[in-house]
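Okay, here's what each chain looks like letter by letter:
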Amino acid sequence: DGGITQSPKYLFRKEGQNVTLSCEQNLNHDAMYWYRQDPGQGLRLIYYSQIVNDFQKGDIAEGYSVSREKKESFPLTVTSAQKNPTAFYLCATAIDSTATQYFGPGTRLLVL
Amino acid sequence: DQQVKQNSPSLSVQEGRISILNCDYTNSMFDYFLWYKKYPAEGPTFLISISSIKDKNEDGRFTVFLNKSAKHLSLHIVPSQPGDSAVYFCAASARRGNTPLVFGKGTRLSVIA
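If you read the protein sequences in the order shown, they are chains A and B. If you use my numbering, the first sequence corresponds to residues 1 to 112, in order. If you use my numbering, the second sequence corresponds to residues 1 to 113, in order.
No lab work stands behind these hints, which were simulated from the structure alone. Predicted model only: the values in this text are computed from it and were never measured. Please note that a few of the clues may not be correct.
No farther apart than 30 Å at their CA atoms in a straight line, the calculated lysine-lysine pairs in the BS3-like style are these [said to hold, decoys possible]:
#	chain 1	residue 1	chain 2	residue 2
1	B	K5	B	K56
2	A	K71	A	K9
3	A	K83	B	K68
4	B	K56	A	K57
5	B	K37	B	K54
6	B	K5	B	K37
7	A	K70	A	K9
8	A	K57	B	K5
9	B	K105	B	K71
10	B	K71	A	K71
11	B	K71	A	K57
12	B	K37	B	K71
13	B	K105	B	K37
14	A	K83	A	K9
15	B	K71	B	K56
16	B	K37	A	K71
17	B	K54	B	K71
18	A	K83	B	K71
19	A	K57	A	K83
20	A	K70	A	K14
21	A	K9	B	K105
22	A	K9	B	K37
23	B	K68	B	K105
24	A	K14	A	K83
25	A	K70	A	K57
26	B	K37	B	K56
27	B	K68	B	K56
The following residues of chain A were derived to be distant from chain B, with all beta-carbon distances above 10 Å [as the list claims (entries may be wrong)]:
#	residue
28	L11
29	N28
30	R44
31	V52
32	E62
33	E69
34	T79
35	P105
36	L109
Even for Gly, the Cβ is constructed at its ideal location relative to N, Cα and C.
All chains should be modelled from the sequences, with the hints used to inform the complete structure.
Spelled out as structure tokens, the structure:
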């Protein structure tokens with residue numbers, strides 16, 4: 001069953017806590033992306049990776065970190081430096097960095 | 001500075017009529033354009049795309065038109081159905097520059113039965 005999975009569906013963060021959002025794919029896509037969606041803001045790019053062991057900052061990378069140790073996985077850590085983390089987080093993948101992106105179901109992060 | 005603009009935050013259309021969603025871009029290097037459809041609390045779904053070498057691409061009820069001189073593209077949905085009610089995002093990329101997609105802020109389409 002091919003696709004993109006994001007877990008958990010909902011995540012709660014306490015003040016000063018780091019949390020990690022999971023994104024896994026079995027589509028054999030090289031490129032992976034993390035976006036953040038806020039109401040009325042559309043999709044804003046946080047980080048992207050075109051190949052294993054390489055990643056670049058997007059437009060709003062401050063307060064976030066990523067790793068790409070395996071082709072299938074691109075976890076996103078929301079650090080305590082991100083002061084306004086409440087949002088809907090979307091992971092996407094593409095065959096390569098110029099191709100159509102396909103999205104996972106998303107994770108909603110809420111701050112307690 | 002927004003490189004991809006969807007100037008209409010919302011649009012209401014009667015069932016069976018045509019829906020026209022518009023998108024403008026500023027970067028002349030963009031050569032690949034896409035439309036995505038998004039329901040609340042779900043990831044966007046790819047709908048249709050167009051390369052800059054074309055001015056029209058059609059897939060069933062969905063047609064995308066590209067006017068390069070005006071830096072404008074539009075998505076036509078005919079006939080509109082209640083299930084089409086969603087937020088539609090326009091996106092663009094400069095494939096020769098190997099850059100990621102740039103998204104507009106979206107247009108919320110409501111199809112009224």
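Right, here's what the structure says about each hint:
A distance of roughly 20 Å separates the Cα atoms of B/K5 and B/K56; the hinted pair therefore holds under the 30 Å criterion. Distance check on the hinted pair: A/K71 and A/K9 sit about 22 Å apart at the alpha-carbon level, within 30 Å; holds. Taking the CA atoms of A/K83 and B/K68, the gap is near 40 Å; set against the 30 Å cutoff, the hint is violated. A threshold of 30 Å between alpha carbons decides the hint, and for B/K56 with A/K57 the separation of about 34 Å lies outside it, so the pair is violated.
As the CA atoms of B/K37 and B/K54 are separated by approximately 22 Å, the hinted pair is consistent with the 30 Å bound. Proposed proximity of B/K5 and B/K37 is supported: the alpha carbons are some 16 Å apart, at most 30 Å. Of the supplied pair hints, the one linking A/K70 and A/K9 holds, its CA atoms being roughly 22 Å apart against a limit of 30 Å. In summary, the hint linking A/K57 to B/K5 is supported, as the alpha carbons are separated by about 22 Å, within the 30 Å threshold.
The straight-line distance between the Cα atoms of B/K105 and B/K71 is roughly 17 Å, inside the 30 Å bound, and the hint therefore holds. As the CA atoms of B/K71 and A/K71 are separated by approximately 36 Å, the hinted pair breaks the 30 Å bound. For the proposed pair B/K71 and A/K57, the alpha carbon gap of about 27 Å is at most 30 Å, so the pair holds. With a CA separation close to 21 Å, the supplied pair B/K37 and B/K71 stays within the 30 Å bound.
With a CA separation close to 12 Å, the supplied pair B/K105 and B/K37 stays within the 30 Å bound. Distance restraint check for A/K83 and A/K9: the Cα-Cα separation of roughly 21 Å lies within the 30 Å cut-off, and the hinted pair is therefore satisfied. Under the criterion of a C-alpha separation no larger than 30 Å, the hint pairing B/K71 with B/K56 is consistent with the structure, at around 14 Å. Between B/K37 and A/K71 the alpha-carbon distance is near 27 Å, which keeps this suggested pair within the 30 Å criterion.
Proposed proximity of B/K54 and B/K71 is supported: the alpha carbons are some 13 Å apart, at most 30 Å. Restraint check: the Cα-Cα separation between A/K83 and B/K71 comes to about 37 Å, which exceeds 30 Å; the hinted pair is violated. Annotation: proposed proximity of A/K57 to A/K83 holds, straight-line Cα distance about 18 Å (limit 30 Å). Proposed proximity of A/K70 and A/K14 is supported: the alpha carbons are some 29 Å apart, at most 30 Å.
Distance check on the hinted pair: A/K9 and B/K105 sit about 23 Å apart at the alpha-carbon level, within 30 Å; holds. Note on A/K9 and B/K37: the hinted pairing holds, with a Cα-Cα distance of about 20 Å set against a maximum of 30 Å. Only pairs whose Cα atoms come within 30 Å are accepted, and B/K68 paired with B/K105 is accepted, the gap being roughly 21 Å. Taking the CA atoms of A/K14 and A/K83, the gap is about 12 Å. The hint holds against a cut of 30 Å.
For the hint pairing A/K70 with A/K57, the CA-to-CA distance comes to about 18 Å; that is within 30 Å, so the pair holds. Between B/K37 and B/K56, the direct Cα distance comes to roughly 19 Å. Compliance with the 30 Å bound is thereby established for this hinted pair. With a CA separation close to 11 Å, the supplied pair B/K68 and B/K56 stays within the 30 Å bound. The Cβ of A/L11 lies farther than 10 Å from every Cβ of chain B, with a closest approach of about 14 Å, so its non-interface assignment holds.
A/N28, annotated as away from the interface, keeps every beta carbon of chain B farther than 10 Å; the closest lies near 17 Å. Listed as a non-interface residue, A/R44 fails to keep its Cβ farther than 10 Å from every Cβ of chain B; the least gap is roughly 8 Å. With a minimum CB-CB distance of about 17 Å to chain B, A/V52 clears the 10 Å threshold, and the non-interface call stands. Against the 10 Å criterion, A/E62 stays outside the reach of chain B, whose nearest CB is about 18 Å from its own CB.
Every Cβ of chain B is farther than 10 Å from the Cβ of A/E69; the closest lies at roughly 21 Å, confirming the non-interface assignment. No beta-carbon of chain B comes within 10 Å of the beta-carbon of A/T79; the shortest separation is about 22 Å. The claim that A/P105 lies off the interface is violated: its Cβ sits roughly 5 Å from the closest Cβ of chain B, which falls inside the 10 Å cut-off. Once the 10 Å rule is applied to beta carbons, A/L109 is consistent with being away from chain B; the minimum gap is 13 Å.
The structure fails to meet hints 3, 4, 10, 18, 30 and 35 from the earlier list, while all remaining hints are met.
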